[in-house]
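Using the sequences and the hints, build the whole thing.
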Amino acid sequence: MKNKLWSVVQKIFPVLGLLIIVIIFSILCGDKLWTKNNLLNIINTMIPICIGGAGMVFVAAQGSTDMSMGALLAATATVAGLASMKLGLVGFIVIALLAGLLLGMFNGFILAKFKVSSLMVTLALSIMLRAIVSFLSNGQAIFVNPSILALNQPVVKFPVFIVVMLVMWFIFQYTKAGFFSRCIGENEVVGRFAGINVDKYKIIAFALSGMMGGVVGIFNVGSVGGVTPTMGNFFELQVMTAMFVGGIPVLGGSESKFYKLILGALMLAFLQNGLTLSRVASEVSELVQGLILLSVVFFSIFAKTRYQKSELQKEA
Amino acid sequence: MSAENVFEVRNIKKYFGSTHANDDVSLTIPKGHVRGLIGENGSGKSTLISMIAGIQKPDSGEMLINGQSYCPQSPLDSGKHKIGTVVQELGLVDGLPVGINLFLGRAKPFTKFGVIDTKGIYREANRLLKEWGFPWLSATRLTGTLSVEEKKIVELVRALSLNPDLLILDEITQALSLNNRRILIDIIGQLKKNGQSVLLVTHDVEEMVAITDAITIMRDGKIVAQRESRETDAGEIKKLMVGRDMSGDYYRKDETASFGDEVVLRTAGLTAKDCFSNVSFDLHRGEILGVCGLSDAGIHELAEALFGVRKTESGSVVVTKSNTAVKTPSQAMRLKMGYVPKDRDKQALMVNDSIENNVVLPAIEQVRTKAGIISTKLSDQLSEKVIEKFNVKTKSRDQAMRSLSGGNRQKVNLGRWMIQDKDILILDCPTRGVDIGVKSYIYGEMRKAKEDGISMIVVSDELPELLGMCDTLLVMKDGEIVKAVSRGPEFTEETIIEVML
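Line by line, the protein sequences give chains E and B. Oh and the first sequence: position 151 is 151 in my numbering, straight run, nothing missing. Oh and the second sequence: position 293 is 293 in my numbering, straight run, nothing missing.
The reader is advised that the hints may include incorrect statements.
What the hints assert, rightly or not - For lysine to aspartate or glutamate, the following EDC-like pairs were computed, each having C-alpha atoms within a straight-line distance of at most 20 Å:
#1 B:Lys327 / E:Glu188
#2 E:Lys200 / B:Glu365
#3 B:Lys13 / B:Asp220
#4 B:Lys192 / B:Asp213
#5 B:Lys222 / B:Asp24
#6 B:Lys311 / E:Glu188
#7 B:Lys311 / E:Glu286
#8 B:Lys448 / B:Glu490
#9 E:Lys257 / B:Asp24
Hints are computed from structural coordinates only; laboratory data are not their basis. Everything numeric in this text was worked out from a predicted model, so none of it was measured.
Now the structure itself:
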C-alpha cells in the first residue's frame with residue numbers, strides 16, 4: 001500500500017512540482033501571469049531550453065554530460081554570423097547547423113576513442129570555444145545580416161520549434177539512436193556484449209547535442225539581431241537543470257523520457273517569470289530559484305529512495 | 001537440545017507482503033555435520049540463510065547456537081557468534097585490496113593508537129589465503145581486478161577466517177571451476193574433522209549428494225523432506241524438490257555425435273595475450289560444441305573473443321557462409337551470431353530496465369520497420385512471445401528485470417536470442433544459477449535449436465552438462481586446446497578430467 005503511494009508520487013512528481021509552482025505564482029501575481037504577453041514571455045524562455053535539451057537528452061540518457069553547449073552555440077553563432085554578411089540567411093542556418101554537428105562529433109569522437117570522461121572533454125572544448133569566440137569577435141558584438149531577424153517572427157519561430165521537437169522526440173523514442181542511448185545509460189557493458197557499437201552511438205548523441213546547440217544559436221541570433229561574446233553563458237546548466245528537475249536521472253538509462261525535459265523546461269520558465277513578476281530583486285530571485293530547484297531535487301530523490309526501499313523489501 | 005547440536009532453527013516464519021517466504025521452518029545441524037539445503041529458485045533457501053546471517057530478521061520463531069538464543073543484528077554480529085557466511089550476491093568492496101576486504105569491520109586487532117597496521121593485515125591475509133589452499137591470490141591485489149571466481153574465494157576465506165562453528169555457503173560452487181571446487185571439498189572435509197559444521201546450498205544435486213551428510217529439501221517456503229545422503233540419490237532429491245517425477249534424465253539420449261558436414265564457423269590460430277593461444281577448430285551446422293577447462297584455461301575469454309568482444313592479437317574467426325572475419329560484436333550480430341555471456345546481471349541484462357527492453361536490445365532488427373522505426377507493436381509482440389514461449393513467470397512485460405528470480409532472468413536472457421533467426425549461438429554457462437526445472441527446459445530448447453540446424457558453442461564449468469549435451473568437446477588447458485573428444489565411448493567424466501588436470 002505504502003509502496004504503491006511512493007511509486008505514484010515518484011512518477012507524478014515533476015507534474016506535481018510544476019502545478020505547485022504555477023499555483024503559487026497565480027496567487028502571488030494574479031492575472032499578470034496569464035496575460036497574452038506574459039505567456040509569450042514564458043514560451044520564449046522555454047523554447048531554447050527545450051531545443052537544447054532535445055539534443056542533450058541523448059547525451060544525458062547515456063549517463064554523460066555535455067558542458068559545451070553554451071560555448072558551442074556562441075561559437076557557431078559567431079562563425080555563421082560572420083559568414084551571413086556574404087551568404088545571407090540560408091548560409092547562416094546551414095553553417096550554424098554544420099558547425100554545431102561537427103563540434104558535437106568532435107566531442108563524441110574524443111571521449112569514445114580515448115575513453116575519457118565526457119565532463120572533461122566537453123569542459124575543455126567549452127573553454128577553447130570561448131577563446132575562439134573572443135578572438136573572432138574581438139570582444140565586441142558582431143552584427144549580422146538583417147534578414148536573420150525574420151526568424152524571430154512568431155509565425156516562423158513557433159512552427160519550427162514544434163517541428164524540431166516532434167522530430168527529436170521521434171528519434172529519441174523510435175529509433176536505434178534513442179533506444180541504444182538509453183541502453184548505454186543502463187549498462188554500457190551489456191550494450192557492448194549485445195552487439196551495440198557503443199562508440200558510434202556516443203558520437204551520434206554528442207553530434208545531435210551539438211547540432212541542437214547550433215539551432216539554439218540560430219534562434220538566439222534571430223532574437224538579438226547580433227552575436228555578443230557572452231551569448232549562451234551557463235546555458236548548458238539551464239538545460240541540465242530543466243532535465244534533472246523534470247525527472248531525467250543524472251545517470252541516464254531507461255527512465256530518461258522526452259516529456260520530462262519539457263516539464264522541467266516549463267517549471268524553470270514559470271519559476272523565472274513568476275519571480276520577475278513578483279518584483280523580487282534579481283539577486284534574490286536567483287537565490288530563490290536555486291533553493292526551489294534544490295528542494296525539488298531533494299524531494300524527488302527522497303520519494304525515489306523511499307520507493308526503492310519498499311521495492312527492495314518486497315523482493316528480498 | 002544438547003551441546004552436540006551446533007545450530008538450531010525453530011519454527012521460523014518470514015513474510016513478504018502476503019507471500020510466505022519461510023513458513024514454519026525448523027532445522028537442526030549437529031556438530032561436525034555437513035548439511036545440504038536444496039530447493040528450486042524462490043523456495044526460500046536464500047531467505048532462511050539471510051536470516052541466519054543477520055541480513056534479515058525473522059517475523060517469528062527463534063534460533064539457537066550452541067544451545068543459546070541467537071538473534072543477530074547484523075552480518076558482523078553473526079560473525080561474532082562464529083557463523084561464517086558466503087552469500088549469493090558479492091559482498092566485497094571493489095576499490096579496496098583483497099587483504100583489507102578480508103578484515104573489513106574486524107581491524108581492531110591490527111589497530112595501535114588508532115592507526116591501522118595495514119602491513120600486518122596483508123601478512124595475516126596472505127597467511128590465511130595460503131593456509132586454505134589459495135597461495136596464488138595476493139592480499140595486496142585490488143578486489144576490483146579479480147574475476148567473479150576469485151572474489152568468491154576471497155569471501156570464502158573471509159568466512160573461514162572467523163574459525164566458524166557453522167559455515168554457510170550459498171551457491172558458491174557454481175562460481176568455482178573444477179580445480180577450486182576440489183579445494184573447497186577438501187576444506188569442507190577438514191572442517192568436519194575439526195567438529196565444525198557446514199550448511200551448503202547448490203543447484204548441483206549430484207555434487208550435493210556426494211559432499212553432504214544429509215540433505216534438507218525446501219519447497220514453497222516449507223521444509224518438505226530430509227534425507228541421509230548415504231541412503232538417497234540425485235533422482236530422489238530432484239523429485240522431492242520439484243514435487244513431481246523429473247522423468248529421469250534431461251540430457252541427450254543418443255550416444256553418438258550427429259551434425260551436418262557444412263562448416264559454419266572456422267577459427268584458426270586465435271590468440272589473445274595472457275588468455276589463450278593458437279585456438280583452431282571448425283563448427284559444423286547443427287553441432288553443439290562444448291568447451292571446458294579449469295579456471296585459468298581461458299574458456300570464457302575464448303567465448304568473448306569469438307563474438308568480437310575481446311580483442312585478439314592474431315588468428316581469425318571466420319563465418320564461412322559469407323566468408324567474413326568477425327572483428328566486432330556488431331559485425332557478429334550481422335553475421336547471425338548470438339552470444340549469452342557468463343555474468344548474467346553485469347554483462348547480459350539491464351537489470352533495472354523492463355523485460356521488454358531487455359528482449360528488444362539484441363533483437364532490435366526484428367522490431368524495426370523498413371523505414372528503420374522501432375515499432376511498439378512489434379516489440380510488444382516479441383517480448384510477449386519470449387515470455388510465453390519460455391514460460392517466464394511475470395505479471396507483465398513492463399516488469400523490471402531485477403524483480404524476477406534468477407531462473408526467470410536466465411529464461412529471458414536465453415529466450416531473447418533463441419527466438420531470433422540466428423545461425424550460431426555462443427552460450428557461456430547457460431544454466432548458471434538456475435534450478436533443475438529451468439535447466440531441463442533450457443536443454444530442451446537447445447535440442448530443438450540443434451534440430452533446426454543452429455550451431456552452438458557451449459562454454460561451461462559444469463562437466464556433466466557438457467557431456468550430456470555436446471557433440472564435440474574441446475578440452476582447454478593453460479589457454480590451449482589439448483584435446484577434442486567426440487561424443488562416443490570416450491565421452492566420460494574420467495577421461496575428460498584426466499586431460500584437463
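Query raised in the report: Would the pair Lys200 (chain E) and Glu365 (chain B) pass a check requiring their Cα atoms to be no farther apart than 20 Å?
Result: 17 Å, holds
Query raised in the report: Between Lys222 (chain B) and Asp24 (chain B), is the straight-line Cα distance small enough, at 20 Å or below?
Result: 7 Å, holds
Query raised in the report: Hey, Lys257 (chain E) versus Asp24 (chain B), does the alpha-carbon distance stay inside 20 Å?
Result: 46 Å, violated
Report task. Take the C-alpha atoms of Lys311 (chain B) and Glu286 (chain E), compute the straight-line distance between them, and say whether it is at most 20 Å. Result -> 52 Å, violated
Requested in this report: Could you grab the alpha-carbon distance between Lys192 (chain B) and Asp213 (chain B) and see if it respects the 20 Å cut-off?
Outcome: 10 Å, holds
Query raised in the report: Lys327 (chain B) and Glu188 (chain E): Cα distance at most 20 Å?
Result: At roughly 19 Å apart (the allowed maximum being 20 Å), Glu188 (chain E) and Lys327 (chain B) satisfy the hint.
Report task. Verify the proposed pairing of Lys13 (chain B) with Asp220 (chain B), using a straight-line Cα cut of 20 Å. Result -> 12 Å, holds
Query raised in the report: Quick one, are Lys311 (chain B) and Glu188 (chain E) close enough, alpha carbons at most 20 Å?
Result: 17 Å, holds
Query raised in the report: Given the proposed pairing of Lys448 (chain B) with Glu490 (chain B), does the C-alpha separation stay at or below 20 Å?
Result: At roughly 25 Å apart (the allowed maximum being 20 Å), Glu490 (chain B) and Lys448 (chain B) break the hint.
The structure fails hints 7, 8 and 9 (numbered hints given earlier, in ascending order).
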